[in-house]
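Engineer: Since the structure of chain D is provided, determine the placement of chain Z on it from the hints.
Each chain, written out:
Number of protein chains: 2
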Amino acid sequence: MSWEDNVRRVVPYTPGEQPRIKNLIKLNTNECPYPPAPQVAEKLKSINYEDLRLYPDPQASALASAISGYYHVPMDQVFVGVGSDDVISMAFMAFFNSDRPILFPDVTYSFYDVWANLHGIPFERVPLDCDFKLVREGFLKENGGIIFPNPNAPTGIYEDISFVEDIVKNNPDVVVIVDEAYIDFGGKSALPLIDKYENLLIVQTFSKSRAMAGMRIGYAFGSKKLIGYLQDVKFSFNSYTMNRPSLEVGAAALQDDEYFKDVCGKIIKTRERVKGRLRELGFDFTDSMANFIFARHRTIPGKDIAGDLRLKGIIVRRWDADRISDYLRISIGTDEEMDKLLIALKEIVA
Amino acid sequence: MSWEDNVRRVVPYTPGEQPRIKNLIKLNTNECPYPPAPQVAEKLKSINYEDLRLYPDPQASALASAISGYYHVPMDQVFVGVGSDDVISMAFMAFFNSDRPILFPDVTYSFYDVWANLHGIPFERVPLDCDFKLVREGFLKENGGIIFPNPNAPTGIYEDISFVEDIVKNNPDVVVIVDEAYIDFGGKSALPLIDKYENLLIVQTFSKSRAMAGMRIGYAFGSKKLIGYLQDVKFSFNSYTMNRPSLEVGAAALQDDEYFKDVCGKIIKTRERVKGRLRELGFDFTDSMANFIFARHRTIPGKDIAGDLRLKGIIVRRWDADRISDYLRISIGTDEEMDKLLIALKEIVA
Chain D
1 MSWEDNVRRV
11 VPYTPGEQPR
21 IKNLIKLNTN
31 ECPYPPAPQV
41 AEKLKSINYE
51 DLRLYPDPQA
61 SALASAISGY
71 YHVPMDQVFV
81 GVGSDDVISM
91 AFMAFFNSDR
101 PILFPDVTYS
111 FYDVWANLHG
121 IPFERVPLDC
131 DFKLVREGFL
141 KENGGIIFPN
151 PNAPTGIYED
161 ISFVEDIVKN
171 NPDVVVIVDE
181 AYIDFGGKSA
191 LPLIDKYENL
201 LIVQTFSKSR
211 AMAGMRIGYA
221 FGSKKLIGYL
231 QDVKFSFNSY
241 TMNRPSLEVG
251 AAALQDDEYF
261 KDVCGKIIKT
271 RERVKGRLRE
281 LGFDFTDSMA
291 NFIFARHRTI
301 PGKDIAGDLR
311 LKGIIVRRWD
321 ADRISDYLRI
331 SIGTDEEMDK
341 LLIALKEIVA
Chain Z
1001 MSWEDNVRRV
1011 VPYTPGEQPR
1021 IKNLIKLNTN
1031 ECPYPPAPQV
1041 AEKLKSINYE
1051 DLRLYPDPQA
1061 SALASAISGY
1071 YHVPMDQVFV
1081 GVGSDDVISM
1091 AFMAFFNSDR
1101 PILFPDVTYS
1111 FYDVWANLHG
1121 IPFERVPLDC
1131 DFKLVREGFL
1141 KENGGIIFPN
1151 PNAPTGIYED
1161 ISFVEDIVKN
1171 NPDVVVIVDE
1181 AYIDFGGKSA
1191 LPLIDKYENL
1201 LIVQTFSKSR
1211 AMAGMRIGYA
1221 FGSKKLIGYL
1231 QDVKFSFNSY
1241 TMNRPSLEVG
1251 AAALQDDEYF
1261 KDVCGKIIKT
1271 RERVKGRLRE
1281 LGFDFTDSMA
1291 NFIFARHRTI
1301 PGKDIAGDLR
1311 LKGIIVRRWD
1321 ADRISDYLRI
1331 SIGTDEEMDK
1341 LLIALKEIVA
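Chains as they are written, first to last, in our numbering: chain D, 1 to 350; chain Z, 1001 to 1350.
Only chain D is shown next, with the shape it has when bound in the complex (with noise of 0.2 angstroms):
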């Protein structure tokens, strides 16, 4: 016997790459290219360095009543955590305990497995059809939780929020995750549904919209008993786990409403430019509505694409797994960076 017999093996996620190397345009994690509202500045620039010594609030009070007060959702229908990663492996502890399979899609956040494998959780891939979509019957059988993104990733799909409505009221005896990490692109989140059904968890971040990846804040609504469950679990985790200033600097990035529509606004108007050129270079795409674009060439092997912008110092994501293979995620820089990007795909594909 060794004390290697106890231990968990797991395979874990893979992020995007985070290169060391600057200047190369980095289209590889979905990351907003603007920078965070000019108050997140203003209010990291005054945190007394002498209050680091004391613990943080465990309630996380002063992030989660600005999320609260932006949502207009009761404190205690609110969850914070380090991202949104962080708040959906403690949903998956906190919720996902049957000996049913949880559902999730064949095709989407590559997390959801590892989740499911490192808490011991039995799962089932949903496939999508031909084109991407989600399909609702796949998520009617018996299972024990469901969860998936909207709008999806890496494709992008948004599934409006009747869908949403279906899949959870039919599946009033598990709780239903939708992850809203893409919402503010075009998509209408789900929110006002937590009113009606004591099941869903809605799962948002900063690490999108907000142009706050770095601080590593994510939220989520559901029901008061929903979160208080939620919460019980994180306490029994870790009872610290936003710091100082995550609190405060999240807080103050949820203060400038204009600058927020600014940037989502500018990120939906280059893409959807991008999508016009991206098709008269011979590329087919489903239609995104997050801040990234999920391509394939009709005739050039994606792998081959991704190396050649590799060479010209342009990262973006593709995996090598069924049916997505031939696709790049294709996250939504600057126009400058896409100008950059457009010209260099053209270069590959003539």
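Hints are computed from structural coordinates only; laboratory data are not their basis.
Each residue gets a CB set at the ideal place from its N, CA and C atoms; glycine is no exception.
The calculated lysine-lysine pairs, modelled on DSS-like cross-linking and capped at a C-alpha distance of 25 angstroms, are:
{"id": "1", "chain 1": "D", "residue 1": "Lys22", "chain 2": "Z", "residue 2": "Lys1043"}
{"id": "2", "chain 1": "D", "residue 1": "Lys43", "chain 2": "Z", "residue 2": "Lys1022"}
{"id": "3", "chain 1": "Z", "residue 1": "Lys1045", "chain 2": "D", "residue 2": "Lys45"}
{"id": "4", "chain 1": "Z", "residue 1": "Lys1261", "chain 2": "Z", "residue 2": "Lys1275"}
{"id": "5", "chain 1": "Z", "residue 1": "Lys1043", "chain 2": "D", "residue 2": "Lys43"}
{"id": "6", "chain 1": "D", "residue 1": "Lys196", "chain 2": "D", "residue 2": "Lys225"}
{"id": "7", "chain 1": "Z", "residue 1": "Lys1043", "chain 2": "D", "residue 2": "Lys45"}
{"id": "8", "chain 1": "D", "residue 1": "Lys22", "chain 2": "Z", "residue 2": "Lys1045"}
{"id": "9", "chain 1": "D", "residue 1": "Lys22", "chain 2": "D", "residue 2": "Lys303"}
{"id": "10", "chain 1": "Z", "residue 1": "Lys1045", "chain 2": "D", "residue 2": "Lys43"}
Far from chain Z, some chain D residues (derived; all Cβ distances over 12 angstroms):
{"id": "11", "residue": "Arg125"}
{"id": "12", "residue": "Asp195"}
{"id": "13", "residue": "Arg279"}
{"id": "14", "residue": "Arg296"}
Structural biologist: Just chain Z, lined up with the frame of chain D:
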């Protein structure tokens, strides 16, 4: 059936109170009464808010390499997390997957049984002796893993490195975690033992001696293999746990060793002075080597003293638990704070 049937029901850890009232003397959560190193202030000011739009380095290299350099431990033997609670919770998940119970002292950090319950790990409490000392033989029975703090909390009693080695050497088939949150206040770390024992994890924190409870930084050392397994679990839970400010500010905190040693020295000096005065006031206490004193009055119940202190604006920690219900855990504050405490206690016990 209901969605609630599949919810993980847990009784969360109760952290020490974090009151919002100012001007209290807060001696209840073992925070450092002195500010972090001056380099922390400078670094905090220099953070570029625009970079917050980008994910942090998932490897946390800036921080891990600063820790690696300070402690002379190779990078691949260093793990960092969101406070030592995060590190230990991940370690429970990674290493304690046996049907046999894990062992920890009956009087110890009250998060251990919460983590065991959260992760579904059987456990057994090993009684301390009548002087609150760890009992070697208690940790030699069959088990699925071992964890104890050194110095132990809330007793503050330190066991020397030969005691730790004895337990590690005699438990080669399980992982032994030594929680050294309070090691810098007079003890000597068991860190050198990681070169000899592959199954030993040493956990430390920035929250006490480095005056950074508000930043949430913990770390651990172990064999390359052990740390590798722990990283796999961490990367299966949340890729980006450490936000950008914590990486930068954490690294800065290690730069000023003179300041660090001065702070620890001051706390030790205050602790020893207060011990003498407490004895005069009729208190008994363990010989704490931590940044707190664990004391009970010879005649007055702990609950009464804690309540009276509270009326005077002084908060200490107390547990309604077997063997220790008359004890107060009093964090070491500044000399001025401790003088106020001693005046208050004198009035209370008079």
